[in-house]
Amino acid sequence: MEAGARARSRELAGRLWALGPVLLLAACVGLFVSTGSSLVDLIGRNPPPLDELDIRRIELRPGEIRIRVTNPQADPIAIASVTVDDAIVPFALDGPREVKRLRSSTIVVPYDWVADEPLAVGVTSSTGIEVTRAVPAAVETPTASAKGFLGYGLIGLLVGVVPVALGLLWLPSLRRATPQWLAAFMALTAGLLTFLGVEALFEAFGRQAALPGGSGGAGLVLLGVAVSYLGMTFVSARLRGRGSEVGGMTLALLVAIGIGIHNLGEGLAIGSSFAFGELTLGTFLIVGFMIHNVTEGLGIAAPVAEGSGRPTLARLAALALVAGAPAILGAWIGGYVASETLGVLFFAAAAGAALQVVVEVGRFVARRAPGGLTSGHAVSGFLGGVAVMYVTGLLAG
Amino acid sequence: MPKSRLTRRRLLAAAAPLAAAPLVGRFALDEGAGAAGVRHAGHAASGHAAMIGETVPAVGGPHDLDELLYPPPALPYQPGRVREYRLVARDVELEIAPGVFFPAWTYNGTVPGPVIRATEDDLLRVRFLNAGSHPHTIHFHGIHPAGMDGVFEIVGPGEELTYEFPAKPYGMHLYHCHATPLKKHIHKGLYGAFIIDPPEPRPPAQELVMVMNGYDTDGDGSNNFYTVNGRSFYYAKHPIRVSRSQTVRIYLANLTEFDLVNSFHLHADFFRYYPTGSSDRFEYTDTVMQCQGQRGILEIEFSNTGTFMFHAHQSEFAELGWMGYFNVVD
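Chains as they are written, first to last, in the numbering used here: chain A, 1 to 397; chain B, 1 to 330.
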């Protein structure tokens, strides 16, 4: 009894000990902070803050320009002067004049801007540091409207659902293929997903780099990739159930989810670029995306063809929606909710999901394909998938 | 670029105690002017082109720049008379546009520095104290002996030098620091107007001094603000009141750094322009162009009363602060 109590108290002491380093750290931090800048004085002198506000968003409304700025540095920055095309303009503020770390303010400039012509806005801090941002061509920033909502929805439908559904129509042809050829098409699926994953990862890092310094480093991308990769692993574990392996419709669903998350990012990219006037949403671009994404349908069809059962038309339609419909959602988010952090996370998630599905498909090909992963059909199928995505990607670029 | 910023900030810190120091020299401006107009909330004016009066983004009250705008009176010709001035170089942070602070190097706390005026053949004696953080000089335009040129006689921080020479020739001249790097020492604000009156006095007139300048506030080698007499849009906020019954004489100089030329354009009237003010030759025009260091005298007989704009005819300069109004009354 007594021995038991002693053991318990020892255990408690052991747990309390874990608090030791935390308390000591707090004491050290307190000591360092209380000495002020004397440590810096030993070495030299801190450089002055850059005082460069980050111009995050420029919205053009009839007779008005709205400029959203964020303070990316530790010291506050005061907005002092605003220029449009190198001319000082009167302005009002929707937000604080002195912008604290990572806070934002919106500058409202009454201005008769000229449609379709380039425009540059400049914001000068109280210390005289001017940052400028150019608008390549002034077009009115879309605001939420039923028509616009429908428009973005249709774009998402055209570049997401339609091509994936068309790609699925290759299913009957795939069913007649020999096991070797089927393995090649499965590998092709892996190839195109790898391409999408790399592309999404690159996009995520690019967008992350453009974020203000304090909004998380490259770790933000890792977070997105890890969450989606592990989430997809969880989903695939649940789908396959105990012991059985992933194949047929189940694998097709995983591929569809992976592609769907990617299309969410793609829709977001199209929507936000258009909203910022950075993208000419021409026929050519939409056609490019459609051709690019038809191959995604093929990627989903391959595991379906490999499976034993005959899926109903409704299930096929569901697959097309899972893979394609997120493009619609993405276009809406991109068009109306401009959050750069969200964009980074979306693309990181797309990368994680695509890579996880590549692993699943890879396992499948390794187990089931004649000759495994290193067979000529598998290797050339994979390379073919990457090449097809690259070539059709040129159309959308 | 970062280097210039560093210097800028160090001065910014160094200028703080100086701003409170008592003024030296009778031509110094009201020091409080630098801190005046602290918070001008953004005005959503009806239109930019129509900016006038209280809606204009300019710093300060109606008489802040009077010392720079109105020159000391001309004195009658009296060869050998001593004209004494005292100039003190100081680092001061100036508010040049609402909320925009420029770590300036100044003569007597203002940019441009005080107006120095003498009559031809006066003995000009300028006592110069360098209370700034860098070596400076005063280089006068005009005719003077070799040792008085402000090029080789570098005045270090805390040092003094007295410039002494007979004032000539008559005309509108200027003075500026000639320490190296020259571009830096000039664009940070060490310059001013230097008027030498002719032996035969000019006819009475309403006399004004306008020194055109620019400020590169972010150290990228191009100006962010343009002004006359140091504050952007100041005379749009506080139009210069003149009478139609008497000639308006403007002593105009260009001390804009980085840009090749600056200009002066008067609306709705013409003026006689005497280049350098050193002869009777003039041009009858409404627009003059001056390269850096060029100067001249304008004489206007206003035909009409009302509010008339004047500005640099480089639209960019005008829209970055070099714009103002005359309010012509009977």
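Just so you know, these hints were derived from the structure itself, not from any lab. Since the model is a prediction, treat every value here as computed from it, not as a measurement. Quick reminder that beta carbons are idealized off the backbone N, C-alpha and C, glycines included. Misleading hints may appear alongside valid ones.
[What the hints assert, rightly or not] Covered stretches of chain A (chain B as the covering partner; in silico rule of three or more C-beta atoms under 8 Å from a C-beta of chain B): (1) 84-92; (2) 126-136.
[To be verified] If the Cβ cut is set under 10 Å, some of the chain A residues that face chain B in the computed set are: (3) Glu52; (4) Ala74; (5) Ser81; (6) Arg97; (7) Glu117; (8) Pro118; (9) Leu119.
We went through each hint and held it up to the structure:
no. : hint    : in the structure
1   : 84-92   : holds (count 7)
2   : 126-136 : holds (count 5)
3   : Glu52   : holds (9 Å)
4   : Ala74   : violated (15 Å)
5   : Ser81   : holds (5 Å)
6   : Arg97   : holds (8 Å)
7   : Glu117  : violated (16 Å)
8   : Pro118  : violated (16 Å)
9   : Leu119  : violated (14 Å)
In this structure, the hints that do not hold are numbers 4, 7, 8 and 9, in rising order.
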